[in-house]
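A.B. asks: The chain contents come next:
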Amino acid sequence: MVYFIPPLRGLSFAPVGRRKGKQGMSERLWGILTDSFTKILVPGLTMTLPLTAIAFFFAMILAVFMALVQFAHVPVLKQLSRFHIWVFRGTPLLLQLYVVFYGLPGLGVIIDPFPAAVLVFSLNEGAYCAEIVRAALEAVPPGQLEAGYCVGMSYLQTMRRIVLPQAMRTAFPSLANSLIAMMKDTSLASTITVTEMLMSTQRIIARTYEPLALYMEAGLVYLLFSTVLTKLQKVGERKLGAYTAKDAHVIYPKRRPWARWWR
Amino acid sequence: MVEVKGVRKSFGGAEVLKGVDLRVEPGDVVAVLGPSGSGKTTLLRCMNFLERAQAGLLVFDGKEYDLQKAGKKEIAAIRQKTAFVFQNYNLFLNKTALQNVTEGLVVARKVPKAQAEEAGRRALDKVGLSDRYDYYPSQLSGGQQQRVAIARALALGPEILYFDEPTSALDPELTGEVLAVMRQLAEEGMTMLVVTHEMGFARNVSNRVVFMEDGAVVEEAPSKEFFERPKSQRTRDFLRLIAQE
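Line by line, the protein sequences are chains A and B. Going by my numbering, the first sequence runs without a break in its numbering and finishes at 263. Going by my numbering, the second sequence runs without a break in its numbering and finishes at 245.
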């Protein structure tokens with residue numbers, strides 16, 4: 001196989017002397033890596049990220065709902081939420097994927113790979129996030145609700161305008177944590193034939209037999225994604241938390257992009 | 001104007017209020033004194049349904065309400081005519097000073113936003129916070145927060161203001177600025193029921209004092225009389241202890 005990649009020629013690690021005759025080992029590897037980069041990145045952008053975003057969206061709706069009915073002690077719904085959380089936190093995510101994709105067809109329920117993955121990730125992530133939101137709700141001082149009553153607001157009005165916004169600010173870093181964890185866990189969707197990043201990488205490895213380099217490359221793309229998510233977390237925290245800052249100067253620190261870029 | 005009769009309340013097995021009667025006339029400033037655990041705060045909270053009494057009657061503007069069984073609508077009607085200032089301010093932490101004041105007006109009373117903001121600014125001006133409209137509670141001192149809380153209560157245009165130890169969380173200097181606002185309100189004829197440990201306020205600002213102990217009213221008298229010619233032995237002991245400080 002001959003790889004022709006002009007710009008990278010100068011970067012080759014191969015000794016100069018060997019370059020003329022046959023192609024150097026590392027040069028071949030560079031070729032594979034640069035060639036496969038888009039083949040890993042594109043499934044990442046079209047599968048991994050959409051799966052993460054859609055599933056997390058539904059997970060958040062489920063989580064806030066389950067947290068609120070527990071916080072307000074709504075009969076039946078509270079018990080249902082506890083049951084849901086008990087089941088989805090107590091069994092492996094991989095098993096849940098298998099049950100939905102390989103098990104449910106036995107009952108005549110056939111779901112396509114991608115929707116099946118969205119369903120399982122939403123339900124699973126919703127269970128974990130519900131606990132985060134519930135804890136944050138309970139951390140809001142009870143006086144906030146009482147103050148709402150005393151200015152004439154109803155329970156629902158106070159929850160929606162006062163308590164929930166404060167709880168979401170508290171929950172935000174933990175929720176971002178969960179989001180990043182789930183983004184990486186979407187690699188499990190490869191086991192139910194979703195062609196996301198890991199599966200694409202494995203296909204390239206099957207052709208090229210370079211597992212170390214290619215898995216590392218896929219890892220770098222995951223790292224890139226999680227770095228972006230971490231950045232978004234920072235921005236979100238800043239926006240949501242303006243009211244927790246003692247001073248406006250703290251909200252917008254000096255811009256020094258070169259300092260601590262990895263954060 | 002506001003009267004409660006036979007208020008009873010217990011938490012678990014402990015009886016906190018043992019049949020308390022209390023009466024506030026329009027324009028009255030009533031100070032409720034008493035040692036910690038005497039049930040002062042619980043009484044105030046029961047009067048605004050923040051706590052459910054096990055028995056008792058509330059007469060507000062001639063209408064009777066059952067403190068134990070009042071329904072949602074009745075509670076809403078009572079709260080519409082009252083306002084509450086808490087010991088720990090309980091400002092909405094995610095709202096600015098001005099939003100704290102307008103929130104109840106806009107959301108609960110359906111006042112148009114512009115009109116509510118005007119009323120909010122007027123209320124904040126009144127408590128001396130014209131330069132703090134857009135500050136969040138975390139950016140304000142304790143005294144300023146309590147004054148925002150008073151402005152929030154005032155903006156609702158209540159017939160009576162309830163204060164639950166409004167200065168207990170403040171140092172003497174900040175206490176002074178909050179008491180000054182309360183004194184001003186008293187001079188304007190605002191009806192107030194104040195649970196407090198501030199003897200100066202009870203003596204100089206309030207016109208009547210209610211002294212409570214162990215969930216019951218021990219003595220009730222005009223302020224001057226209470227401090228100069230206390231009737232019961234218990235009140236005399238209490239006042240002597242305070243005088244020693």
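Keep in mind the hints are simulated off the structure, nothing from the lab. It should be emphasised that the depicted structure is a prediction, and the values quoted were computed from it without experimental measurement. Please note: incorrect hints may appear among the correct ones.
[What the hints assert, rightly or not] Keeping only pairs whose Cα atoms sit at most 20 Å apart, straight-line, the calculated EDC-like set for lysine to aspartate or glutamate is:
id, chain 1, residue 1, chain 2, residue 2
1, B, K224, B, E51
2, B, K81, B, E220
3, B, K231, B, E220
4, A, K239, B, E51
5, B, K72, A, E146
6, B, K63, B, E25
7, B, K81, B, D66
8, B, K73, A, E131
9, A, K78, A, E131
10, B, K69, B, E51
11, B, K231, B, D214
12, B, K81, A, E146
A.B. asks: Would you mind marking each hint as holding or not holding in the structure?
C.D. replies: Outcome of the hint check:
Under the criterion of a C-alpha separation no larger than 20 Å, the hint pairing B:K224 with B:E51 is inconsistent with the structure, at around 32 Å. Among the hinted pairs, B:K81 with B:E220 is inconsistent with the structure: their alpha-carbon atoms are about 25 Å apart, more than 20 Å. Distance hint between B:K231 and B:E220 is fulfilled; the C-alpha atoms sit about 9 Å from each other, no more than 20 Å. Between the alpha carbons of A:K239 and B:E51 the distance comes to roughly 36 Å, so the proposed pair goes past 20 Å and is violated.
For the hint pairing B:K72 with A:E146, the CA-to-CA distance comes to about 15 Å; that is within 20 Å, so the pair holds. Our distance criterion of 20 Å between C-alpha atoms is met by B:K63 and B:E25, whose separation comes to about 15 Å. With a C-alpha separation of about 17 Å, the suggested pairing of B:K81 with B:D66 holds against the 20 Å cut-off. The suggested pairing of B:K73 with A:E131 is violated, with an alpha-carbon distance near 34 Å, which exceeds 20 Å.
Between the alpha carbons of A:K78 and A:E131 the distance comes to roughly 12 Å, so the proposed pair stays at or under 20 Å and holds. With a CA separation close to 12 Å, the supplied pair B:K69 and B:E51 stays within the 20 Å bound. A distance of roughly 18 Å separates the Cα atoms of B:K231 and B:D214; the hinted pair therefore holds under the 20 Å criterion. A C-alpha spacing of about 16 Å is found between B:K81 and A:E146, which places the hinted pair at or below 20 Å, so the restraint holds.
Violated hints, listed in ascending order, are 1, 2, 4, 8; each of the other numbered hints is respected by the structure.
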